[in-house]
Amino acid sequence: MDILKSPATDIAAQVKQKKISAKEVMSAFMKQTEKHNGNINAFITVNDKALQEAEKVDAKIAKGEEVGPLAGVPIAVKDMLCTKGLRTTAASKMLYNFVPPYSATVVKRLEAAGAVTIGKANQDEFAMGSSNETSHFGGVKNPWNADYVPGGSSGGSAAAVAARMAPIAIGTDTGGSIRQPSSFCGLVGVKPTYGRVSRYGIVAFASSLDQAGPMTLNVKDAAAALEVISGQCDHDSTTSAQPVPKWSQNLNSDLKGMKIGLPKEYFTDAIRPDVRKVVDNAIQIAKSAGAELVEISLPLTRVGVPVYYLVTTCEASSNLARYDGVRYGYRADFSKSAPEDIADFYSRNRGEGFGLEVKRRIMLGTFALSSGYYDAYYKKACQVRRLLREDFLKAFAKCDAIMGPVFTTPAFKVGEKINNPLQMYMNDIYTVSANLAGIPGMSVPGGYSQEGLPVGIQINAAHFEEQKMLNVAYAIEKALQLKEVPNGIW
Amino acid sequence: MDIMIDVKKVADLARLHMQPDEESKYQAQLSAIFKYFEEVALIDTNGIEPLTTPTEIEQVWRADEKVTELTTEDALSNAPAKSGQLFRVPPVV
Chain A
1 MDILKSPATD
11 IAAQVKQKKI
21 SAKEVMSAFM
31 KQTEKHNGNI
41 NAFITVNDKA
51 LQEAEKVDAK
61 IAKGEEVGPL
71 AGVPIAVKDM
81 LCTKGLRTTA
91 ASKMLYNFVP
101 PYSATVVKRL
111 EAAGAVTIGK
121 ANQDEFAMGS
131 SNETSHFGGV
141 KNPWNADYVP
151 GGSSGGSAAA
161 VAARMAPIAI
171 GTDTGGSIRQ
181 PSSFCGLVGV
191 KPTYGRVSRY
201 GIVAFASSLD
211 QAGPMTLNVK
221 DAAAALEVIS
231 GQCDHDSTTS
241 AQPVPKWSQN
251 LNSDLKGMKI
261 GLPKEYFTDA
271 IRPDVRKVVD
281 NAIQIAKSAG
291 AELVEISLPL
301 TRVGVPVYYL
311 VTTCEASSNL
321 ARYDGVRYGY
331 RADFSKSAPE
341 DIADFYSRNR
351 GEGFGLEVKR
361 RIMLGTFALS
371 SGYYDAYYKK
381 ACQVRRLLRE
391 DFLKAFAKCD
401 AIMGPVFTTP
411 AFKVGEKINN
421 PLQMYMNDIY
431 TVSANLAGIP
441 GMSVPGGYSQ
451 EGLPVGIQIN
461 AAHFEEQKML
471 NVAYAIEKAL
481 QLKEVPNGIW
Chain B
1 MDIMIDVKKV
11 ADLARLHMQP
21 DEESKYQAQL
31 SAIFKYFEEV
41 ALIDTNGIEP
51 LTTPTEIEQV
61 WRADEKVTEL
71 TTEDALSNAP
81 AKSGQLFRVP
91 PVV
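Keeping their order, the protein sequence lines are chains A and B. Residue numbering for the first sequence follows this note's numbering, starting at 1 and increasing by one per position. Residue numbering for the second sequence follows this note's numbering, starting at 1 and increasing by one per position.
In short, the hints are calculated from the structure, not lab data. We put the CB at the ideal spot given by N, CA and C, even for glycine. One should not assume that every hint holds.
[To be verified] Distance ranges between label pairs, derived from CB positions:
| # | chain 1 | residue 1 | chain 2 | residue 2 | range |
| --- | --- | --- | --- | --- | --- |
| 1 | A | R87 | B | D21 | 30 to 36 Å |
| 2 | A | K394 | B | D64 | 41 to 47 Å |
| 3 | A | T268 | B | K35 | 41 to 47 Å |
| 4 | B | T71 | A | Q450 | 56 to 62 Å |
[Unchecked claim] Calculated from the model, a selection of chain B residues having no Cβ within reach of chain A, i.e. all distances over 10 Å:
| # | residue |
| --- | --- |
| 5 | D64 |
| 6 | E65 |
| 7 | K66 |
| 8 | S83 |
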């Protein structure tokens with residue numbers, strides 16, 4: 001068995017049956033990481049204790065102890081998630097030397113399931129970006145073609161799995177940050193329902209939208225990893241008490257009786273023709289698998305983006321107020337010029353510690369929340385957010401799942417959009433509304449663009465109906481049997 | 001409506017020290033972005049309650065018992081400067 005080509009659930013099964021040791025698995029992925037990370041830059045920090053941690057999994061198996069469904073599976077963890085004793089930077093100079101004294105609930109649950117963190121994945125700074133070009137630690141290259149971005153903000157997570165440096169990555173998604181890089185790198189990526197997965201120990205960007213989720217080679221792995229990380233958490237009062245179903249065991253590619261909604265606002269000239277072709281093909285596959293197609297309307301799609309950027313920048317400006325250079329994180333050098341007052345102390349720490357995009361978003365939020373503008377911007381955006389959520393609830397009265405594109409294009413070139421922030425924001429049109437409404441969304445590979453780059457299909461379902469969404473993805477995956485891998489990764 | 005954003009004032013409110021060249025760059029970008037946000041104002045939201053969290057969440061209670069999550073050493077472990085059990089900062093008054 002070629003371990004690097006294997007899905008995570010197969011690896012775990014082999015490890016449990018002692019056909020291969022967790023240490024051997026980790027060594028293989030570490031070797032692949034040594035070979036490719038210098039070029040792709042998927043990891044900010046490689047876990048130098050990964051082999052020892054894998055040995056502990058082997059020791060448990062040798063003693064006949066229960067090891068969990070992800071035994072010996074290496075995981076690339078986005079650098080937004082705190083890992084006890086392992087540097088966690090959020091790809092920011094602000095946290096360049098931060099070593100968390102505790103682990104995020106997601107990380108703890110993965111470890112309890114037998115998984116081992118192989119490294120901390122690169123990303124856009126504080127998850128603010130769609131191309132992974134805002135990282136303080138340098139951009140990430142798309143393993144399919146190094147001239148192109150891997151997407152963002154979970155670009156390092158996506159590149160790590162696409163280049164087989166890990167069989168599973170954990171990303172976070174505030175407005176598409178799991179789905180869009182999964183689309184750009186040919187992966188399955190799931191943003192769960194808001195409240196499914198604990199946010200404890202995850203660097204906060206926009207707390208009412210942030211969710212962590214898996215990025216994998218296939219639907220079954222994504223379902224299995226999601227089962228591990230989901231569920232109520234004592235440290236996050238927004239997690240749901242809803243039971244966590246065994247999604248991976250209930251996958252069903254027969255879509256008979258299912259209604260799939262196609263929002264008429266999604267299928268416009270904005271989508272590049274080759275991407276449209278891939279999406280249309282996937283819709284036909286769902287139909288052939290038994291689903292009934294119905295036209296639906298999401299009339300507020302267009303204002304989703306401005307509403308999203310208002311809500312998230314307001315939340316971010318508040319969340320990022322904690323970085324003041326007092327208790328942890330970056331502190332400016334005051335040895336030559338003492339601070340004039342406490343505001344100057346904070347301002348210099350923050351002015352030097354945050355990158356351009358993060359400062360831009362903090363200022364957008366600060367302005368929108370400032371006296372005289374709060375009602376016109378923040379409150380108004382929250383009102384439209386409710387209307388947007390109601391549109392989805394109405395749509396799900398008519399259908400079980402929604403299909404559409406993840407992004408208007410495949411991956412774009414490095415440097416192509418980074419100097420025009422507004423243009424970059426407007427591209428998030430298909431992904432942000434799921435976060436505003438709190439519904440689950442995922443990307444599943446659907447085919448390739450004219451340049452040979454992967455193109456993902458987005459599937460959404462109603463709150464806590466992940467199974468329906470995963471089943472549609474499973475049907476598409478089964479019908480397409482895509483086997484292509486990036487050139488030159490072996 | 002054309003929005004004039006006083007970047008210097010906003011940066012002060014956000015406690016962000018700005019270089020002069022950054023200020024002029026942000027000035028143009030922030031104004032363009034807010035112009036685009038104006039689209040939101042066109043939606044009729046009369047009588048609509050703002051939505052601040054997307055799922056129904058019930059209040060969760062735990063027993064009112066003391067728990068130790070982090071030790072003092074843990075809490076101080078990432079301090080840029082410390083003195084004994086205290087965070088140390090340069091004089092600011």
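**OP:** Using the Cβ atoms, figure out if T268 (chain A) sits within 41 to 47 Å of K35 (chain B).
**Re:** 22 Å Cβ-Cβ, so the 41 to 47 Å window is violated.
**OP:** Would you assess whether D64 (chain B), listed as outside the interface, keeps its beta-carbon beyond 10 Å of every beta-carbon in chain A?
**Re:** Non-interface label on D64 (chain B) holds, nearest chain A Cβ at 14 Å vs cutoff 10 Å.
**OP:** Say whether it holds or is violated: E65 (chain B) keeps its Cβ farther than 10 Å from all Cβ of chain A.
**Re:** holds, 12 Å
**OP:** Could you tell me whether the CB distance from R87 (chain A) to D21 (chain B) stays inside 30 to 36 Å?
**Re:** holds, 32 Å
Subject >> S83 (chain B) and chain A, when compared Cβ to Cβ, separated by more than 10 Å >> reply: Non-interface label stands for S83 (chain B): nearest chain A Cβ at 13 Å, farther than 10 Å.
Subject >> Interface-negative label, K66 (chain B) against chain A, beta-carbon threshold 10 Å >> reply: Holds: least Cβ distance 15 Å, greater than 10 Å.
Original post:
Between K394 (chain A) and D64 (chain B), does the C-beta distance stay in 41 to 47 Å?
Top reply: Roughly 42 Å apart at Cβ, these two residues keep to the hinted range, so it holds.
**OP:** Hint says 56 to 62 Å; check whether the CB-CB distance for T71 (chain B) and Q450 (chain A) agrees.
**Re:** Given about 57 Å between the Cβ atoms, the range holds.
Hint compliance for this structure: hint 3 alone is broken.
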